[in-house]
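Got chain F; can you put chain L on it based on the hints?
Residues per chain are reported as follows:
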Amino acid sequence: MANSNGWGDGAGNNAIGWGQAANNAISWGKSQIDSWAGLTDITGIPSTDSDAQAFITAAGITDATQQSAINTLVIDLKGYSIWTKIKALYPFVGGTSSTHKWNLKDPRDLDAAYRLVFNGGWTHSSGGALPNGTNGYADTKLVASGTLSLNSTSFSVYSRTNTDLLAPSIGNVTGGASSEASLFLRYSNTSYVRVNGGTASTQANSDSRGLFIANRASSSQILYQIRGTQYTLSNTSNSLSTNSFQLGGVNPNFFDNKQLAFAFIGDGLTSQNMTDLNTAVVAFETALSRNV
Amino acid sequence: MIQVGLLTLSQKEELTGQLYDCDSYFNPIQDINDNWIISVEEIEQNENQLLAWVKDLPLIPFEPKPSPEPIF
Numbered sequence: 103m104a105n106s107n108g109w110g111d112g113a114g115n116n117a118i119g120w121g122q123a124a125n126n127a128i129s130w131g132k133s134q135i136d137s138w139a140g141l142t143d144i145t146g147i148p149s150t151d152s153d154a155q156a157f158i159t160a161a162g163i164t165d166a167t168q169q170s171a172i173n174t175l176v177i178d179l180k181g182y183s184i185w186t187k188i189k190a191l192y193p194f195v196g197g198t199s200s201t202h203k204w205n206l207k208d209p210r211d212l213d214a215a216y217r218l219v220f221n222g223g224w225t226h227s228s229g230g231a232l233p234n235g236t237n238g239y240a241d242t243k244l245v246a247s248g249t250l251s252l253n254s255t256s257f258s259v260y261s262r263t264n265t266d267l268l269a270p271s272i273g274n275v276t277g278g279a280s281s282e283a284s285l286f287l288r289y290s291n292t293s294y295v296r297v298n299g300g301t302a303s304t305q306a307n308s309d310s311r312g313l314f315i316a317n318r319a320s321s322s323q324i325l326y327q328i329r330g331t332q333y334t335l336s337n338t339s340n341s342l343s344t345n346s347f348q349l350g351g352v353n354p355n356f357f358d359n360k361q362l363a364f365a366f367i368g369d370g371l372t373s374q375n376m377t378d379l380n381t382a383v384v385a386f387e388t389a390l391s392r393n394v
Numbered sequence: 618m619i620q621v622g623l624l625t626l627s628q629k630e631e632l633t634g635q636l637y638d639c640d641s642y643f644n645p646i647q648d649i650n651d652n653w654i655i656s657v658e659e660i661e662q663n664e665n666q667l668l669a670w671v672k673d674l675p676l677i678p679f680e681p682k683p684s685p686e687p688i689f
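Same order as they appear, the protein sequences are chains F and L.
Residues are numbered in the numbering used here as their position in the first sequence, beginning at 1, plus a constant of 102.
Residues are numbered in the numbering used here as their position in the second sequence, beginning at 1, plus a constant of 617.
The set of hints was computed from the structure by calculation and includes no laboratory data.
Check the hints yourself; a few may be wrong.
[Unchecked claim] Covered by chain F, per the in silico footprint, the following chain L stretches (three or more residues, Cβ under 8 Å): (1) 641 to 648; (2) 653 to 661; (3) 675 to 685.
Cβ coordinates follow ideal geometry from the N, Cα and C atoms, glycine included.
The shape of chain L in the complex, shown without the other chains:
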């Protein structure tokens, strides 16, 4: 089971458009329950000291939204 970090709406707003290393941006997305989440890779690789709080985010199982139709 893939784990992801659970964000509040204000935390999502704070991360949007911010770098977690010198060449990579956070990308908060919504899961099937409309929770805002980021990945464990972003949490573990974060070098942005102003956003060091991401390491304390609660982890939840990732439940993706179903893919929108049509696909093919």
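Chain F extracted, bound-state conformation:
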């Protein structure tokens, strides 16, 4: 008898069988060895990427939607050939400082793994990590000098807040230092970007929400992407900072108030990488119901 689902006494051609059928595609029979197919052959339940699983375990992420979103993000970044270019990536899932601190690329609880150290006032929620604009910042412990290359550096944040404020959402030094890397998303309706150089390049911008990517791919240009739109900005590189990158401001002079739902620091990206990164991050934020 050819049951499609068999609770019976062992029909011969069950598609799914709880008996000791001979030809179960998926079987709960005596043992997996005796079955025609193993439990892992169930379709529709993708396996978890090992890097995603390491992060999920370290951060203690138990929510299935969040686990799936992390897994898809990692798979997407690997598929787009971006994964190997990333030094630190903060997906801000789980809703607490204890889950938001982890670097997806190296989820060890160490400064050397660029695990975040939160300082000052922050509010953590399912939407991400919100610095208070007064004294909050997070230290990545990632120093550009010795880690990144002068003409191959990128960094990015996904902001869920639209405010016009004189503060960087990510940066390693301020004041126009020759080694500055910083991203002021919106100040006087202008976005300011520096990548290993003393001079800021600007781009008109009246909305500080979405994914911003700063990318130095040569000694004379910065590729800057705001919500998927790319701009090529003339800008000369100078040197790499010996200060660590900070998120949510640069202590002690500039403190931002934009909620972060993603951040990364890495090597230089291609133009296509930047487009693909926006696609992957928007999909990630959408999966978590926090895309803006």
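Structure of chain L alone, referenced to chain F:
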């Protein structure tokens, strides 16, 4: 108006380098009048029982120092 907790110099010294939850450090800064202050988030989220006194800090309006020049 943003409110912040006002610290004495000795209180600032006591908080520096201390955790207020398992993964977050106090960050005392100076306002425009050189008062040492911490944020209400640090006060409200403090889980460090040895520093429970922060909940009794007087609150004052936050007046930030002007940003140092040059900026851009």
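A quick look at each hint next to the structure:
Given as covered by chain F, the segment 641 to 648 of chain L passes the check, having 6 residues with a CB less than 8 Å from a CB of that chain where 3 are the minimum. As drawn, the segment 653 to 661 of chain L meets chain F at 6 residues by the rule of a beta-carbon pair under 8 Å; at three or more, the given contact holds. For the segment 675 to 685 of chain L, the assignment as covered by chain F holds, since 5 residues bring a beta-carbon within under 8 Å of that chain's beta-carbons and 3 suffice.
Checked against the numbered hints listed earlier, the structure breaks none of them; every hint is satisfied.
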